[in-house]
Amino acid sequence: MATYVLVHGAWHTGDLMAATAAPIRAAGHEVHTPTILGNGPGDDRRTGLSAAIKSIVDYIIGKNLKDIVLVGHSYGGMIITGVADRIGERVRRLVYWNAFVPNDGESLNAMVPPHYVDLFDQIAGASDDNSVVMPYPIWREAFMNDADAELAQSAYDQLNPHPYATFTDPIRLTTNPAEMQVGKSYINFTEDTALPQSLGWHPRLSEKLGLYRLVQAAGGHEVCFTDPEGLAKAIMTAGRD
Amino acid sequence: MATYVLVHGAWHTGDLMAATAAPIRAAGHEVHTPTILGNGPGDDRRTGLSAAIKSIVDYIIGKNLKDIVLVGHSYGGMIITGVADRIGERVRRLVYWNAFVPNDGESLNAMVPPHYVDLFDQIAGASDDNSVVMPYPIWREAFMNDADAELAQSAYDQLNPHPYATFTDPIRLTTNPAEMQVGKSYINFTEDTALPQSLGWHPRLSEKLGLYRLVQAAGGHEVCFTDPEGLAKAIMTAGRD
Amino acid sequence: MATYVLVHGAWHTGDLMAATAAPIRAAGHEVHTPTILGNGPGDDRRTGLSAAIKSIVDYIIGKNLKDIVLVGHSYGGMIITGVADRIGERVRRLVYWNAFVPNDGESLNAMVPPHYVDLFDQIAGASDDNSVVMPYPIWREAFMNDADAELAQSAYDQLNPHPYATFTDPIRLTTNPAEMQVGKSYINFTEDTALPQSLGWHPRLSEKLGLYRLVQAAGGHEVCFTDPEGLAKAIMTAGRD
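Chains as they are written, first to last, in full-length UniProt numbering: chain H, 1 to 241; chain P, 1 to 241; chain A, 1 to 241.
Everything labelled a hint here was simulated from the structure, so no lab data went into it.
Misleading hints may appear alongside valid ones.
Same chains, same label: a pair holds when it works inside one copy or across any pair of copies.
As the list claims (entries may be wrong) - With a straight-line Cα cutoff of 25 Å, these simulated DMTMM-like cross-link-like pairs (lysine to aspartate or glutamate) come out: (1) Lys63 / Asp85; (2) Lys66 / Asp148; (3) Lys66 / Glu150; (4) Lys66 / Asp44; (5) Lys54 / Asp118; (6) Lys66 / Glu141; (7) Lys233 / Asp148; (8) Lys54 / Asp67.
The task is simple: from the sequences and hints, build the whole structure.
Structure (C-alpha cells):
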C-alpha cells in the first residue's frame, strides 16, 4: 500500500480533496490532503511561490512521510515540482492531474494564455492584498462544464481568494521535471477547458515530463467535485508502480 | 423546463431530428425541429444563406418562442449564429453541435478544407440548380463511421440535395459569436471526421465562441442516426443553465 | 463473414494476437495471425523490410486467402501497406491499428521522433545482429500505461528482439495509401503514447490514408494484452463493410 499526498489547486483547500481521498483510503492507502500556505483561512494572501512550496515540504518532513506518491492539481503542479526538487528522496512518483509542469525559471502565468493573465492582473490589482478571485461565469462554463448549476455554485462558494504572487513568481529548480529520477504520471481529463484546449494541458505540458505515464478519463477541471470516485480511480492508476 | 429549437445540418430536414427530440421532450422540455428553407421538399435549391437564416427567424417569431436554447448541427451553426444576431433577445443559449462558427463575412466554405470545396464546386456545377449531393463513399466512411452499412445506407436515402449558395454566401453579422451576450456551448463528438480532425471542429471552431461550455461524447458526425439518445443527453447537458 | 489477417507489431509474434483473434472467430469470422519474418524464433534478425513484407505476401498466397481484411499494428502498418501494394486484388479493406502509414520511399524511422531513432541506433549498434530490444521503463510507462505492473512485466517477457533494418529500410510502393482503391480504416486508441501525442498516430498518420474510417476507443498501445476484447470489437467495427 502506498502513501498519497494530494496537493490541491488554486482557490482550493485540502479539505476539498476529502471526497477524493475517501475511496483511495478505502482501497487501503494512506492519504494526506494538506492545505498550501496562502490558501488556508487567515493565511497571508501575499504568500509567494517559494513559501507555498516550503509549506508542503514542511508538512511532509513534519510527518516524516517517505516513498510518497505526490499528486498535484493545476497550480498544485507548481508545488509538487518544487517539493520533488527539494526533497526528491521522499518521492516515489509524481502525479500531475491537469497540472502545470514548470521548468526552472518559469512561472505559472508563463503557461497561461495572455487573456487570462490580463484578467488576473486586473483582479489582483483591484484587491487590497494582491489576491485573485475566480469570476463565476468562467468557473461555471470553463471549469465546471460537466456540472449542473447547483453543484457549480456550491463548489464556487467553497473557494478562497488565491495569493497571486504564486502565479507570477518564477520557480527555482536545480533539476527540471524531464530529468527528475522518479516515476512520473500525467492525468488528463478530456473535457478540461480551464486552459483553452488549443493551448492545453496535454500534450503541451505533459510532455515536459520526459518519459511519463498518461492516464485519461472523461471530465472537466473540477472532477474533485463532479466525479471524486472517477478521480480517485485515475489517481490510483497513475500512482501504482 | 426549457424550449429547445434543433436546427439540422446540410442535406437533412427537421424530420430527421425526431429521434433526438423525443428523449428531450420525455425529460419535460418543449422541442421544435423546423426545416431550413432550401432543404424542404419542393424548396428552391437556389436559396441563399440569408434566406435560410430568415426562415428560422420567421419560424421562431411566428410561434412567438422566447428564452430558447438554439441548437445547430454542422451547417446549422451558420443558421443559429445568424438567428442569434437578428433576434438575440429570444435566445437564452446557443448550442453548437459539431457545427460551423462563423464571424462576420465568413462563408461555410471558408472553414472547409480545399479538397472538399473543389468537390462541392464540381458537384454543384454539374447540377442544374446549383445543389450539392453528398457522395456515398464519403458519407459512409467519414460521416457515418460509427454505423453499420445498413444504417449508413438507410440514412443516406433520407438526404436531400443541398442549396450550395448557403455554403458560398458570406454571413453578415453585427456581432461576432465571441462577443454575443448569451450562454454558449459546443458539443464535440470525438469520432467526427466530417472535417478532417487535423482541421477539425474542436478546438479550432469552438474557441471562436469566446467563453463557452464544452461537452464531448463518443460518436461520429451523424449521431442523430447512430445515437439519438446520447445526442439528446449531450444537448441537455449543453443546454442547461 | 469475413477473413481477417492480423499482422502484429515490432517485438511481437502472431501468437500474441491469439486473445484478440478468439472473439473475432467467435463472431463467425476466419482469423489468421501469421508471424512476420524476422520475429519468429530462430529467424535471422538481419531481415530487411522487403523480406518481411514478402513473408506475409507468401502466407496469404500460400493459403490462397482472398477478399481479406488486413489489419496491421504499429510496425505492422508498414507490412500491410506493402502487402496491399503487391497483392491488392486479395485485399478488401486495410485496417491500421495505431500503425505507421508509409508513402513510397519512407522508412518507419522517418515517422518516429529523433530521440527514439537515436535510442534505437544505440541499442542496435550494441547488439551483435542489428536487433533492437525495447527498454523496460519505456515499455511500462509509454506502451503499457493502462496495465498494472504484473501484466506489463509478463507481456514484456514475451517480446523478441526486433530486426532493426525493418525500421531503417525505405518502403517501395507503386501506389501510396491515399490512392489505393480499397476500403481503409484507422483504429486509434486514445491513451496510446508509444509515439508522443504531439507527434502522434492520429490524425498525423491516419490522414495519409485519404478517405478512411476512424474508429477510436480507450486504451494504450498494447491493448492486445490489456483489452483484447475491446480491440477485437474495434477491429470488427473497422473491418465491416
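Verification of the hints:
1. Lys63 / Asp85: within (19 Å within a copy, 60 Å between copies)
2. Lys66 / Asp148: between (39 Å within a copy, 22 Å between copies)
3. Lys66 / Glu150: Between. Shortest inter-copy distance 24 Å satisfies the 25 Å Cα cut-off; intra-copy 40 Å does not.
4. Lys66 / Asp44: neither (29 Å within a copy, 48 Å between copies)
5. Lys54 / Asp118: Neither, since 28 Å and 39 Å both go past 25 Å.
6. Lys66 / Glu141: For lysine 66 and glutamate 141, the Cα distance is within 25 Å only across copies (23 Å; inside one copy 39 Å).
7. Lys233 / Asp148: Answer is both: 22 Å inside a copy and 13 Å across each meet the 25 Å cutoff.
8. Lys54 / Asp67: Within one copy only: 18 Å inside a chain, 51 Å across chains, cut-off 25 Å.
In summary, the numbered hints that this structure violates are 4, 5.
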